[in-house]
Amino acid sequence: YMKKTNTGQLRIVAGKWRSRLLQVANVPGLKPTSIRIRETLFNWLSPRIEGARCLDLCAGTGALGLEALSRGASRVVFVECSEIAFQNLKLNINSLKASGAEIKKTDAISFLNNSVIEKFDIIFIDPPFADGLYDNLLELICVKGWLSKNARIYIEMSVDEKELDLPKNWHILKRKKTGNVYYLLAATSKIENS
-4 YMKKTNTGQL RIVAGKWRSR LLQVANVPGL KPTSIRIRET LFNWLSPRIE
46 GARCLDLCAG TGALGLEALS RGASRVVFVE CSEIAFQNLK LNINSLKASG
96 AEIKKTDAIS FLNNSVIEKF DIIFIDPPFA DGLYDNLLEL ICVKGWLSKN
146 ARIYIEMSVD EKELDLPKNW HILKRKKTGN VYYLLAATSK IENS
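If you read the sequence shown in my numbering, its first letter stands for residue -4, the second for the next number, and so on.
No lab work stands behind these hints, which were simulated from the structure alone.
Yeah, the Cβ is synthetic: ideal placement off N, Cα and C, and Gly gets one too.
Misleading hints may appear alongside valid ones.
Capping the alpha-carbon separation at 27 Å, the derived lysine-lysine pairs in BS3-like fashion look like this [as the list claims (entries may be wrong)]: (1) LYS157 <-> LYS26; (2) LYS171 <-> LYS100; (3) LYS11 <-> LYS26; (4) LYS11 <-> LYS99; (5) LYS144 <-> LYS163; (6) LYS169 <-> LYS157; (7) LYS99 <-> LYS114; (8) LYS99 <-> LYS85; (9) LYS157 <-> LYS172; (10) LYS26 <-> LYS99; (11) LYS172 <-> LYS100; (12) LYS26 <-> LYS100; (13) LYS144 <-> LYS171; (14) LYS100 <-> LYS169; (15) LYS139 <-> LYS11; (16) LYS26 <-> LYS172; (17) LYS139 <-> LYS163; (18) LYS139 <-> LYS92; (19) LYS26 <-> LYS144; (20) LYS11 <-> LYS85; (21) LYS163 <-> LYS114; (22) LYS114 <-> LYS139; (23) LYS144 <-> LYS85; (24) LYS171 <-> LYS26; (25) LYS100 <-> LYS163; (26) LYS157 <-> LYS139; (27) LYS92 <-> LYS11; (28) LYS114 <-> LYS92; (29) LYS171 <-> LYS157; (30) LYS144 <-> LYS114; (31) LYS144 <-> LYS169; (32) LYS114 <-> LYS100; (33) LYS144 <-> LYS99; (34) LYS139 <-> LYS169; (35) LYS85 <-> LYS100.
Okay, the calculated beta carbon distance ranges per label pair [as the list claims (entries may be wrong)]: (36) GLY95 <-> ASN145: 30 to 38 Å; (37) HIS166 <-> ARG31: 22 to 30 Å; (38) ASN21 <-> ASN89: 31 to 39 Å; (39) GLN82 <-> GLU34: 26 to 34 Å; (40) SER184 <-> GLN4: 36 to 44 Å.
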């Protein structure tokens, strides 16, 4: 039985669960990606979201992965290490009857290091801003081979973070700043332009 820590709600922007409100657990550092940023991100991703296999690392509220499922992604693996956030995510997934969702209760680094490798089309990287995990996560994703051929990688960070060192065959397709959040979409191949 979980004490309700009712601090907020998360609204799904579009797709089959459009406008559905979900509970957000009260966990320090947990910040759902804002609606404005999600709208921009999913406009960027719209040609590739249908049927996509996604990995939501440091899933937190699950805002990104649930939005992806709502818009037609076939599978989302949510990785979250906080017990409260994990339980809350489980409740939200169940309330949406979200088939295609799988949650792993572990931290992102352990997940990338120790899980059976699967190829993902889209990976969301939105860790707690103060954790300085970016370089490690990006390197593991590359080295271990978690990306499908034309994968997209979404990264959200505080504008105060140091400039990211993207793996050498990645390039930035889109980047934007909203408030104190800097976010970008990267790809692994230079060939395509979409």
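Outcome of the hint check:
1. At roughly 20 Å between alpha-carbon atoms, LYS157 and LYS26 fall within 27 Å of each other, so this suggested pair holds.
2. Distance hint between LYS171 and LYS100 is unfulfilled; the C-alpha atoms sit about 31 Å from each other, more than 27 Å.
3. A hinted pair counts as satisfied when its Cα atoms are at most 27 Å apart, and LYS11 with LYS26 qualifies at roughly 23 Å.
4. Of the supplied pair hints, the one linking LYS11 and LYS99 holds, its CA atoms being roughly 24 Å apart against a limit of 27 Å.
5. Using a Cα cut-off of 27 Å, the hinted pair LYS144 and LYS163 holds, with the two alpha carbons roughly 15 Å apart.
6. A C-alpha spacing of about 18 Å is found between LYS169 and LYS157, which places the hinted pair at or below 27 Å, so the restraint holds.
7. With a C-alpha separation of about 16 Å, the suggested pair LYS99 and LYS114 falls inside the 27 Å cut-off, and the hint holds.
8. Of the supplied pair hints, the one linking LYS99 and LYS85 holds, its CA atoms being roughly 10 Å apart against a limit of 27 Å.
9. For the given pair, LYS157 sits about 14 Å from LYS172 by alpha-carbon distance, which is consistent with the 27 Å threshold.
10. Restraint check for LYS26 and LYS99: the C-alpha separation of about 19 Å stays at or below 27 Å, so the hint holds.
11. At roughly 30 Å between alpha-carbon atoms, LYS172 and LYS100 are farther apart than 27 Å, so this suggested pair is violated.
12. Only pairs whose Cα atoms come within 27 Å are accepted, and LYS26 paired with LYS100 is accepted, the gap being roughly 18 Å.
13. Taking the CA atoms of LYS144 and LYS171, the gap is about 25 Å. The hint holds against a cut of 27 Å.
14. A hinted pair counts as satisfied when its Cα atoms are at most 27 Å apart, and LYS100 with LYS169 does not qualify at roughly 31 Å.
15. Note on LYS139 and LYS11: the hinted pairing is violated, with a Cα-Cα distance of about 33 Å set against a maximum of 27 Å.
16. Pair hint LYS26 plus LYS172 holds up; C-alpha atoms about 16 Å apart against a cutoff of 27 Å.
17. For a cut-off of 27 Å, the pair hint linking LYS139 to LYS163 stands: about 15 Å separates their Cα positions.
18. Of the supplied pair hints, the one linking LYS139 and LYS92 is violated, its CA atoms being roughly 32 Å apart against a limit of 27 Å.
19. With a C-alpha separation of about 30 Å, the suggested pairing of LYS26 with LYS144 is violated against the 27 Å cut-off.
20. A distance of roughly 19 Å separates the Cα atoms of LYS11 and LYS85; the hinted pair therefore holds under the 27 Å criterion.
21. Proposed proximity of LYS163 and LYS114 is supported: the alpha carbons are some 19 Å apart, at most 27 Å.
22. Of the supplied pair hints, the one linking LYS114 and LYS139 holds, its CA atoms being roughly 10 Å apart against a limit of 27 Å.
23. For the suggested pair LYS144 and LYS85, the alpha carbons sit about 30 Å apart, so the restraint of at most 27 Å is broken.
24. A C-alpha spacing of about 18 Å is found between LYS171 and LYS26, which places the hinted pair at or below 27 Å, so the restraint holds.
25. Distance check on the hinted pair: LYS100 and LYS163 sit about 30 Å apart at the alpha-carbon level, beyond 27 Å; violated.
26. For a cut-off of 27 Å, the pair hint linking LYS157 to LYS139 stands: about 24 Å separates their Cα positions.
27. A distance of roughly 12 Å separates the Cα atoms of LYS92 and LYS11; the hinted pair therefore holds under the 27 Å criterion.
28. Of the pairs offered as hints, the one joining LYS114 and LYS92 holds, with about 24 Å between alpha carbons and a cut-off of 27 Å not exceeded.
29. A threshold of 27 Å between alpha carbons decides the hint, and for LYS171 with LYS157 the separation of about 16 Å falls inside it, so the pair holds.
30. As the CA atoms of LYS144 and LYS114 are separated by approximately 8 Å, the hinted pair is consistent with the 27 Å bound.
31. At roughly 19 Å between alpha-carbon atoms, LYS144 and LYS169 fall within 27 Å of each other, so this suggested pair holds.
32. A hinted pair counts as satisfied when its Cα atoms are at most 27 Å apart, and LYS114 with LYS100 qualifies at roughly 20 Å.
33. A threshold of 27 Å between alpha carbons decides the hint, and for LYS144 with LYS99 the separation of about 24 Å falls inside it, so the pair holds.
34. A C-alpha spacing of about 25 Å is found between LYS139 and LYS169, which places the hinted pair at or below 27 Å, so the restraint holds.
35. Distance hint between LYS85 and LYS100 is fulfilled; the C-alpha atoms sit about 10 Å from each other, no more than 27 Å.
36. Taken as a hint, the range 30 to 38 Å is violated for the pair GLY95 and ASN145, whose Cβ atoms sit roughly 20 Å apart.
37. Taken as a hint, the range 22 to 30 Å holds for the pair HIS166 and ARG31, whose Cβ atoms sit roughly 25 Å apart.
38. Taken as a hint, the range 31 to 39 Å is violated for the pair ASN21 and ASN89, whose Cβ atoms sit roughly 20 Å apart.
39. For GLN82 paired with GLU34, a C-beta distance near 28 Å keeps the hint of 26 to 34 Å intact.
40. Under the hint 36 to 44 Å, the C-beta atoms of SER184 and GLN4, about 38 Å apart, fit the expected range.
When each numbered hint is compared with the structure, violations occur for hints 2, 11, 14, 15, 18, 19, 23, 25, 36, 38.
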